[in-house]
Amino acid sequence: MSLAARVTALLTGLTPSQIQVMPPIDRQQLANECRRIAALADPQRNSEPPKAGVLPRLKDTPRDE
Numbered sequence: 001m002s003l004a005a006r007v008t009a010l011l012t013g014l015t016p017s018q019i020q021v022m023p024p025i026d027r028q029q030l031a032n033e034c035r036r037i038a039a040l041a042d043p044q045r046n047s048e049p050p051k052a053g054v055l056p057r058l059k060d061t062p063r064d065e
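Everything in the sequence shown is counted per our numbering, starting at 1 for the first residue and increasing by one.
Worth double-checking, as some hints may not be accurate.
Stated by the list, open to error - Using C-beta positions, here's what the derived DEER-type ranges look like: (1) Val54 x Thr15: 42 to 52 Å; (2) Lys59 x Ile37: 30 to 40 Å; (3) Met1 x Asp42: 17 to 27 Å; (4) Ala31 x Val54: 36 to 46 Å.
Don't read these hints as lab results, they were simulated from the structure.
This one's a predicted model, so the numbers in the text were calculated from it and none came from an experiment.
Built from N, CA and C at the ideal position, the CB exists for glycine as well.
Given these sequences and hints, build the entire structure.
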């Protein structure tokens, strides 16, 4: 079993009560690490949303030369 699979299994097994009894600093550290791993696992989710308006569309559309 890979390290990623073991970590996933441990996180899946956490219950809300187990998290609630953690000291606040440990809960914050866990939350930060979960966000970091989530960003690594799904990089497109963290990309900026497309900008609306005319200028971004002009920038992204090909021009006839």
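Here is what the structure says about each hint:
{"no.": "1", "hint": "Val54 x Thr15: 42 to 52 Å", "verdict": "holds, 51 Å"}
{"no.": "2", "hint": "Lys59 x Ile37: 30 to 40 Å", "verdict": "holds, 33 Å"}
{"no.": "3", "hint": "Met1 x Asp42: 17 to 27 Å", "verdict": "holds, 22 Å"}
{"no.": "4", "hint": "Ala31 x Val54: 36 to 46 Å", "verdict": "holds, 39 Å"}
Hint compliance for this structure: every hint is met.
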